[in-house]
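S.K.: Please construct the entire structure, taking both the sequences and the accompanying hints into account.
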Amino acid sequence: MTETERTRLAALRDRFAELGCPDPEDAALSEFLDDIPQLARFLAVRHIWPRLIDEWANEGVLERFPAADRLLASGADRGDLAKVARLVAYETAFTMLYDLSAGGDPDAPDGTPEWCLQEVGPDGEPTGRYLDSLHEDLLMLDPSGREGADLFE
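In our numbering, the protein residues as written are 1 to 153.
One should not assume that every hint holds.
[To be verified] List time: in silico DMTMM-like cross-link candidates among lysine to aspartate or glutamate, alpha-carbon distance up to 20 Å:
#1 Lys83 <-> Asp142
#2 Lys83 <-> Asp54
#3 Lys83 <-> Glu147
#4 Lys83 <-> Asp150
#5 Lys83 <-> Glu59
#6 Lys83 <-> Glu63
[As the list claims (entries may be wrong)] Just the calculated beta-carbon pair ranges, DEER-fashion:
#7 Glu63 <-> Thr4: 30 to 38 Å
#8 Leu52 <-> Gln118: 16 to 24 Å
#9 Asp99 <-> Met140: 44 to 52 Å
Honestly, the hints are just simulated from the structure, not real lab data. Note that this is a predicted model, so its numbers are computed, not measured. Ideal Cβ placement from N, Cα and C applies to all residues, glycine included.
M.R.: And the structure:
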């Protein structure tokens with residue numbers, strides 16, 4: 001690896017770390033050596049845990065929904081109810097990412113449009129690199145480091 005390449009790799013690693021990637025070294029190496037758009041992949045899914053999954057465990061969130069509020073008022077355990085909500089949010093996010101990565105609707109008739117998720121540069125122009133199988137990144141980004149294990153306990 002040339003000095004210029006080492007410098008670019010270090011800058012990429014530092015960018016991953018600055019953005020909160022749990023393994024910036026491996027992510028940067030994968031992007032640099034394998035030409036996988038790891039930074040775009042990370043940016044596409046990094047907010048799913050804090051905004052869509054873990055948000056359900058925060059105080060007052062369940063109470064915003066009448067059915068959950070009634071369950072809590074009738075004695076349901078807050079932790080269990082939050083875990084159910086978090087699991088449903090995880091399963092929804094996983095399935096949505098999986099279906100988006102599929103590139104098409106398997107139940108649609110022949111000749112209907114399909115789609116792809118593609119990285120674009122800061123100028124908005126496609127780079128030619130695709131964001132496939134984003135669902136595979138979801139568990140790795142669990143901020144607890146447990147890869148969702150607590151959802152299934």
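S.K.: Do the Cβ positions of Asp99 and Met140 conform to the proposed distance bound of 44 to 52 Å?
M.R.: 19 Å Cβ-Cβ, so the 44 to 52 Å window is violated.
S.K.: Taking 20 Å as the top limit, are the C-alpha atoms of Lys83 and Glu147 close enough?
M.R.: holds, 14 Å
S.K.: Between Lys83 and Asp142, does the CA-CA distance stay at or below 20 Å?
M.R.: Satisfied, since the Cα-Cα distance of roughly 14 Å is no more than 20 Å.
S.K.: Take a quick look at whether Lys83 and Glu63 sit within 20 Å of each other, Cα to Cα.
M.R.: OK: Lys83 and Glu63 at ~14 Å, within 20 Å.
S.K.: Take the C-alpha atoms of Lys83 and Asp150, compute the straight-line distance between them, and say whether it is at most 20 Å.
M.R.: Holds, at about 8 Å.
S.K.: Quickly compare the C-alpha distance for Lys83 and Glu59 to 20 Å and report which way the hint goes.
M.R.: holds, 13 Å
S.K.: Against the range 16 to 24 Å, how does the distance between the Cβ atoms of Leu52 and Gln118 compare: consistent or not?
M.R.: At roughly 23 Å between Cβ atoms, Gln118 and Leu52 fall inside 16 to 24 Å, so the hint holds.
S.K.: Would you say the C-beta atoms of Glu63 and Thr4 sit inside 30 to 38 Å of each other?
M.R.: violated, 55 Å
S.K.: Mind checking the alpha carbons of Lys83 and Asp54 for me, to see if they're no more than 20 Å apart?
M.R.: holds, 9 Å
Of the numbered hints stated above, those contradicted by the structure are hints 7, 9, listed in ascending order.
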